[in-house]
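Start from chain A and add chain B according to the hints.
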Amino acid sequence: MPPATSAKYLRWLAALCVLLVGGAGALNYAMDPYGIHHYGKPGDWVKSRPRICNVERLHKAHAVRTTQAETLLLGNSRVLTAFAPTHPALWQPAYNLALSAANIYECRRYLEHAAAFHPPKLVLLGLDLWMFDADSLPEADFSEERLAVDADLRPQTHRLPPDFAAALFSTSAVRDSLLTVLGRGKKVSYPQGLRDESLLQPYLKPAHVLAENARWRKDMRTKPYDPRRPDGANPQFDALAAMIRFCAQRDIRLVLFIHPLHAEILDTALADGHTYREWMTSLLACVEANAQGATTPPEVWDFCGFNPITTEPFPQPGETVNRMRYYWEISHFRREVGDMMLGTMLAAESHGLGRRVRSATLADDLARLEKEHREWRGHLETAKTTTR
Amino acid sequence: MLFNSYEFLLAFLPLCLVGFFLLGEAGWTRAASLWLSVLSLGFYAWWNPDPTAPWNPKYLGIIVGSIVFNYLLGVRISAAIGRGARAPAKLALTCGVTVNLAVLAYYKYANFFADTLNAVTGTHFALGHIALPLAISFFTFTQIAYLVDSFHDVTKEDNFRCYLLFVAFFPHLIAGPIVLYRSLMPQFAKKETWRFNPDNFAAGLSLFAFGLFKKAVIADSLSPIANRAFGLVESGTALGVAAAWFGVFAYALQLYFDFSGYSDMAVGLGRMFNVSFPLNFDSPYKARDIVDFWRRWHITLSSFLRDHLYIPLGGNRLGGGRRYFNLFLTMLLGGLWHGAGWNFIIWGALHGTYLIVNHAWSRAVEKRPWAHTPPARLAGWALTFVAVLVGWVFFRAKTLPDALTLVAGMVGQHGLAGIFPGSMMDRLLVAGAAVLAFFAPNTQEIFRLAQVGKSAADTGPRHWQPSRGWAVASAVVLAAGLLQLSGVTEFLYFQF
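Protein chains in written order, with the working numbering: chain A, 1 to 388; chain B, 389 to 884.
Looking at chain A on its own, in the form it has when it is part of the complex (with noise of 0.2 Å):
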């Protein structure tokens, strides 16, 4: 090839990187990989996006944007599993807005980040003792900048979200354009935030289950909730304050609610006889504190017991089918679960799980929660004997 002058190599150059940048922003706005171009809007022709599941805080900070939803559902990955959004007990529109692994930090910020385009009036949020955790820092793929609203409220508008040049013109935006091309068979998809259950096929080996089991009973082991940090504060309690007082002020009804954890896990809990206890006590007291003024008060549902849902067995080792109805593994439970805790909280349905707390009546709660797990542990050890 003959050489041509500098400035034609130059004008070559240029346009190539050009054609090669804007092709790449082309495909990717076209293929919306992350679903936060034209996910669900009109004409949305990509029918399922099997990367969300990878994204989902930065997916969701911009899905809810637009959904202009009553009710939020907060919380983390035992919301984003268990709990639709189309349950006739929600008011309607509702959003998903759990997030995999969040804390109570993450969660406050996803609320007013949602509320600065649509005040919700309900919110439920999902609570566990770990959610709590003092060191609990947010998630890799948490950034405040792509929120609308900084953390004392103030709009973000000045800065351009980094979100939209990430996800326009970055090598793994193309690779995730190409994975949504070739997964376009696979169906998967976040119906109104709710994470879909053809990703959680896998939890239908006992296998797999067996080994998540494993995997989170050492996880319970070697991280164990941390009440306080060393100067006796706790940063999650800080934002659930700042989130009762940011519903009571804005006349959203707020629902907190425990999560039914499985009896070993509760197990867990419940083992040196008095952490729960202090979490719950302090959760009620925070609960109370910061909700003068409310025109509804918060309400806290526990749902943690020993139950015949609670203490669904799981599958042997050995097994080839997977009967549990009620949990996916030890530490999330199905939809089923979610509908009755649902119907339980908004629509008085009575389905012999969970109840709802106050300061006033939380030592007979706790005393008769610890007469439950004692029994429930008795008939651990009668088992045991027996097999021997």
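Treat the hints as calculated values from the structure; they're not laboratory data.
Computed from a predicted structure; not experimentally measured.
Idealized CB from N, CA, C, for every residue including glycine.
Incorrect hints may have been included.
Reference excerpt, derived from the structure (chain A facing chain B, CB under 8 Å, subset only) [what the hints assert, rightly or not]:
1. H113
2. T171
3. V174
Computed far set for chain A versus chain B, every beta-carbon distance over 12 Å [to be verified]:
4. F117
5. G318
6. S350
7. D364
What follows is chain B alone, placed relative to chain A:
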């Protein structure tokens, strides 16, 4: 500001180039020089460990103070040398070098020395957190070289504007190459330097594109693999032989592509401004012995240490034993220059020892014919690379126990199998990078004839020239580098 950032590529660089050449073409070279210097200081100030507040002029005072101090001292030294007064000149030089090193020592080593003193004597000196100003190691060495050259009467500058440009010129400011006044500033004395030259711009932009590709695509892809291996060791996992070597190998490649890529970007940027910088990397992993390695790795630092430390210590002029001592001390201090920590000192000591062994071995076998056969050269290359890898363990590990654990893994003390810090894709990536490092021509070879003022004609297809083929190649690597600058952070444990 980093070269591989949107703010640099989309705002700073175009603004800087347009302003420089508009003023230069109009004949306003002083204004162009000031434009370049002021923007370079802005480039320096746009850096903060906290990315949410990038503008951080806190350390601007240190670099500007350093520039003013060294300029005044240089003028004084040159004046004294000019009138034949060597003693006052030497005093000024000693004073200058001492102050420069004292400032460097305070910011870079004070905490390290205090911690070491506390550990040895049981005292409790606490200096608090002293943040390291960006590039202080580079601009300190650049200016010490200037003072020494002034003393030897090979450099003379009485124009502050020129001196400011020499130190602050952004392409070499952050991470080198370490430039000499006498090689850089004569280029700015030429009229053509201030005028846009499409030949230089095309070569510079292409070299920058290849450097960006090496840094953003290759090195940044290798980084998680190396981090995973060293992270496992930090968390107390003992790696088996294969995993330990794989992790260190990945780090060696990451470091090479990262630093040489950044140097290529610097050289390319200089070229866009019609300025030539010295070479900094020349395929160091192709080195056949450690002496050869140091002629190919961070060449401008090696030259600086040779000219301003090894030779003043006596070099090889005072006999074999003293030569080896000088070598060892030079490498030890070179290790300390890279970072304040015992691991860096050990790394320097290792390389000092390697060099002593290398020189002694070379003297012993230089007249043996077998020492120059291909198998011997191959063995020399392999041994050199292994020695370099062992050195990188100490360079990268956070603590000395971590480094020793990893070395123990490499020699098989933790078994052969175990956790492997890489998927099949990672292995392919490392293998691909290794092929490039060991067998491909480096960017200096590709751009062999593309030097300022020289024609690019009469070159083969593997050498860069302003052809359509090279335009396509450069556009692909530039686009890949640009697309690699950002990415969406993923949550890896996604099933729940």
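Taking the hints in turn, this is what the structure says about them:
| no. | hint | result |
| --- | --- | --- |
| 1 | H113 | violated (17 Å) |
| 2 | T171 | holds (5 Å) |
| 3 | V174 | holds (7 Å) |
| 4 | F117 | holds (22 Å) |
| 5 | G318 | holds (23 Å) |
| 6 | S350 | holds (29 Å) |
| 7 | D364 | holds (34 Å) |
Hint compliance for this structure: hint 1 is the single one not met.
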